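Student: Now for the letters of each chain:
Protein chains: 2
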Amino acid sequence: MTTSRAGKPRRFSADDLQAFIERAFRAAGVPDDDARTVAELMTRLDLMGADGHGVFRLPHYIRRIRAGGINLHPDIRTVRETDATALVDGDNGVGHLVVSRAARIAMDKAEKCGVAWVGTRNSNHAGAASIYAVMPLERAMIGLYVAVGSANHLPPWGGVDMLLSTNPIAVAIPALEEPPIVLDMATTVAAYGKVKTAAQRGETMPEGWMIDRQGKPLTDPKRADEGFLLPIGGYKGYGLSLIFGLLAGTLNGAALGSTVVDFNKDDTTTTNTGQFIVALDIKAFADLDTFKRDVDRVIREMRSSDRLPDVESIRVPGEGSHATFQERSRSGIPIPDSLLDTLNALAGELAVPVLSE
Amino acid sequence: MTTSRAGKPRRFSADDLQAFIERAFRAAGVPDDDARTVAELMTRLDLMGADGHGVFRLPHYIRRIRAGGINLHPDIRTVRETDATALVDGDNGVGHLVVSRAARIAMDKAEKCGVAWVGTRNSNHAGAASIYAVMPLERAMIGLYVAVGSANHLPPWGGVDMLLSTNPIAVAIPALEEPPIVLDMATTVAAYGKVKTAAQRGETMPEGWMIDRQGKPLTDPKRADEGFLLPIGGYKGYGLSLIFGLLAGTLNGAALGSTVVDFNKDDTTTTNTGQFIVALDIKAFADLDTFKRDVDRVIREMRSSDRLPDVESIRVPGEGSHATFQERSRSGIPIPDSLLDTLNALAGELAVPVLSE
Numbered sequence: 001m002t003t004s005r006a007g008k009p010r011r012f013s014a015d016d017l018q019a020f021i022e023r024a025f026r027a028a029g030v031p032d033d034d035a036r037t038v039a040e041l042m043t044r045l046d047l048m049g050a051d052g053h054g055v056f057r058l059p060h061y062i063r064r065i066r067a068g069g070i071n072l073h074p075d076i077r078t079v080r081e082t083d084a085t086a087l088v089d090g091d092n093g094v095g096h097l098v099v100s101r102a103a104r105i106a107m108d109k110a111e112k113c114g115v116a117w118v119g120t121r122n123s124n125h126a127g128a129a130s131i132y133a134v135m136p137l138e139r140a141m142i143g144l145y146v147a148v149g150s151a152n153h154l155p156p157w158g159g160v161d162m163l164l165s166t167n168p169i170a171v172a173i174p175a176l177e178e179p180p181i182v183l184d185m186a187t188t189v190a191a192y193g194k195v196k197t198a199a200q201r202g203e204t205m206p207e208g209w210m211i212d213r214q215g216k217p218l219t220d221p222k223r224a225d226e227g228f229l230l231p232i233g234g235y236k237g238y239g240l241s242l243i244f245g246l247l248a249g250t251l252n253g254a255a256l257g258s259t260v261v262d263f264n265k266d267d268t269t270t271t272n273t274g275q276f277i278v279a280l281d282i283k284a285f286a287d288l289d290t291f292k293r294d295v296d297r298v299i300r301e302m303r304s305s306d307r308l309p310d311v312e313s314i315r316v317p318g319e320g321s322h323a324t325f326q327e328r329s330r331s332g333i334p335i336p337d338s339l340l341d342t343l344n345a346l347a348g349e350l351a352v353p354v355l356s357e
Numbered sequence: 001m002t003t004s005r006a007g008k009p010r011r012f013s014a015d016d017l018q019a020f021i022e023r024a025f026r027a028a029g030v031p032d033d034d035a036r037t038v039a040e041l042m043t044r045l046d047l048m049g050a051d052g053h054g055v056f057r058l059p060h061y062i063r064r065i066r067a068g069g070i071n072l073h074p075d076i077r078t079v080r081e082t083d084a085t086a087l088v089d090g091d092n093g094v095g096h097l098v099v100s101r102a103a104r105i106a107m108d109k110a111e112k113c114g115v116a117w118v119g120t121r122n123s124n125h126a127g128a129a130s131i132y133a134v135m136p137l138e139r140a141m142i143g144l145y146v147a148v149g150s151a152n153h154l155p156p157w158g159g160v161d162m163l164l165s166t167n168p169i170a171v172a173i174p175a176l177e178e179p180p181i182v183l184d185m186a187t188t189v190a191a192y193g194k195v196k197t198a199a200q201r202g203e204t205m206p207e208g209w210m211i212d213r214q215g216k217p218l219t220d221p222k223r224a225d226e227g228f229l230l231p232i233g234g235y236k237g238y239g240l241s242l243i244f245g246l247l248a249g250t251l252n253g254a255a256l257g258s259t260v261v262d263f264n265k266d267d268t269t270t271t272n273t274g275q276f277i278v279a280l281d282i283k284a285f286a287d288l289d290t291f292k293r294d295v296d297r298v299i300r301e302m303r304s305s306d307r308l309p310d311v312e313s314i315r316v317p318g319e320g321s322h323a324t325f326q327e328r329s330r331s332g333i334p335i336p337d338s339l340l341d342t343l344n345a346l347a348g349e350l351a352v353p354v355l356s357e
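Line by line, the protein sequences are chains A and B.
Per our numbering, the first sequence starts with residue 1, numbered consecutively.
Per our numbering, the second sequence starts with residue 1, numbered consecutively.
Quick caveat, the hints were computed from the structure, so don't treat them as lab data.
The model shown is predicted, which means the values in this text are computed figures rather than measured ones.
A hint or two may mislead.
Any copy, or any two copies together, can satisfy a pair, since identical chains are not distinguished.
Claimed, not checked - Below 25 angstroms or equal to it, Euclidean Cα-Cα: the simulated DMTMM-like pairs (lysine to aspartate or glutamate) are:
#1 8 x 357
#2 216 x 301
#3 196 x 226
#4 112 x 83
#5 112 x 220
#6 216 x 15
#7 194 x 138
#8 112 x 177
#9 112 x 138
#10 8 x 287
#11 196 x 83
#12 222 x 111
#13 112 x 81
#14 265 x 306
#15 222 x 287
#16 8 x 161
#17 265 x 301
#18 216 x 341
#19 216 x 306
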């Protein structure tokens, strides 16, 4: 391992990383099938470059499991149902399992009804939103996913009490020859993970990410606890965060506002996290190939626009993560040394083999 | 009329305004029932304070009708259908008629299936998004509406070719004792109407609304043609505008990107405007009163937050327009003199009685 200290982070294949995550979860008591499902989803996030949501989260997830904050044998079940909707109670299981189940139900119902909307409650943090939005793509459907974030980081617009989270949205739309369009965004200018990363690296944040309780720009990420994230477009992003929270949380009987548990600080209280996923069958609206070709046309128009000075290329959402996925599938997933040390210490605690090539 | 020149704008009752709009449309050849429907919706926007989308638009709509750009006897029909979806072809009819029809279909289908998603194509500009999002509230449903804007005002992020519109979203969620939450927002920092208003008033725009083709802030609204609107949150708002455009436009076989017709500059080319509306039945997820009470709780938490210095009150989306609706229902709708002159000139052209108390 010493060889890597001088230069680039070591890289691990997706298979090796997935196997490591899987054995960690199994050692922590997660049943085999469930451990495999969660490990596969987390590894996919690392492949896509969502580094803050893949194996990086493993120590935190395991800590919560060991503290008793997660139900390892949940009865994940549909508690309300119509032809095109369902409400899934996750019974405090691992979020990835709950949302995967919700996504499958949504696709099955959309197959029959053209569209389906499935909500969750008693779920947990489930990783980056995009992995669920892309699931319906397999079945020629558009996916739309919204989650209530697992810690409040912003107040209502004009306020100082942190009552809202970054409540992200992800939407995935297939193309024909182009990669699918995959939007995955927090309703804040910066996701909280970016603040953490800036703090780790000793960097200053740009103005516009955070303000302090006097409303002044806060640029020192080490002082993040003294301020809060800014929503995109000011009151508009506040409105989006609130609306997404009501749809993904309140409507499902899940937490929002003062009832949200900060899962960074509290390992044991049930979070009652809410999410929802919509699957929309393209053939209910259009001939599939015609639609995909039209999406190609739109993508190419965007990309071919003349550019502002100093702009090298114009992208569509998902293009960067698609390229990262392909590159990492070939060359492996880079794991920074500090994270590798943490993961191998965790392996020691769990008495499982360390991450290795 | 001269009495008002000195002071406040004259006010007209909703009934009088609606009757005026109705007779203008009838004189322009719109069938009686349709004229009444459109007049009612436009008046509702004036009552809500969406001044850029109510009677203010009448001269433009009439101009387009007289130029032959609108089909006055459209065969608005469902061209594709599943249990929970429909695609409505508006046959180039007035947008308000097309979207109202789509909203009714969505509510009927959601009654049976829990949720419904109805798209439109060959529609036209239909006024502010919120009037459609609130329609499902009558039936204890949540409404969500997205439209492709009727002129492109922004490029893809990093570009300079105007390929996207402000593509707005509106969502309406009912509460119990509180007014419903109604979010209605463009995906740009400022709607284009605000730029027009600033130009009329000779005001300077704040930095952040627009940039010029060199990427520099553009603050003179009279130079608006030399620049473009900025999306909220930079690339995030660009992503939202693109995704909303694909879902409301491309999926329905409607215009997006280079195929969008600028209805400000072109009175005759069919716009092929696309929209979609989702109706979501609350009782598919929750007990209705429990849900509404939970929404009240969330609204009150937001409003009770401690505030930043110099902030007088914290609002939730829709609160301002709700108050305006109530005030204008009592005291009438203020019509600025310049608009009144324009409307009365229009009345002369159409040989109908002018707007009067």
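Student: State for each hint whether it applies.
Tutor: Hints and how they fare:
| no. | hint | verdict |
| --- | --- | --- |
| 1 | 8 x 357 | within (16 angstroms within a copy, 77 angstroms between copies) |
| 2 | 216 x 301 | between (40 angstroms within a copy, 24 angstroms between copies) |
| 3 | 196 x 226 | within (14 angstroms within a copy, 40 angstroms between copies) |
| 4 | 112 x 83 | both (8 angstroms within a copy, 8 angstroms between copies) |
| 5 | 112 x 220 | neither (52 angstroms within a copy, 53 angstroms between copies) |
| 6 | 216 x 15 | neither (47 angstroms within a copy, 47 angstroms between copies) |
| 7 | 194 x 138 | neither (31 angstroms within a copy, 42 angstroms between copies) |
| 8 | 112 x 177 | neither (28 angstroms within a copy, 38 angstroms between copies) |
| 9 | 112 x 138 | within (16 angstroms within a copy, 27 angstroms between copies) |
| 10 | 8 x 287 | neither (47 angstroms within a copy, 55 angstroms between copies) |
| 11 | 196 x 83 | neither (43 angstroms within a copy, 46 angstroms between copies) |
| 12 | 222 x 111 | neither (49 angstroms within a copy, 51 angstroms between copies) |
| 13 | 112 x 81 | both (14 angstroms within a copy, 12 angstroms between copies) |
| 14 | 265 x 306 | between (47 angstroms within a copy, 23 angstroms between copies) |
| 15 | 222 x 287 | neither (52 angstroms within a copy, 44 angstroms between copies) |
| 16 | 8 x 161 | neither (42 angstroms within a copy, 39 angstroms between copies) |
| 17 | 265 x 301 | between (46 angstroms within a copy, 22 angstroms between copies) |
| 18 | 216 x 341 | neither (38 angstroms within a copy, 46 angstroms between copies) |
| 19 | 216 x 306 | between (36 angstroms within a copy, 16 angstroms between copies) |
Hints 5, 6, 7, 8, 10, 11, 12, 15, 16 and 18, counting from the list given before, are not met by this structure.
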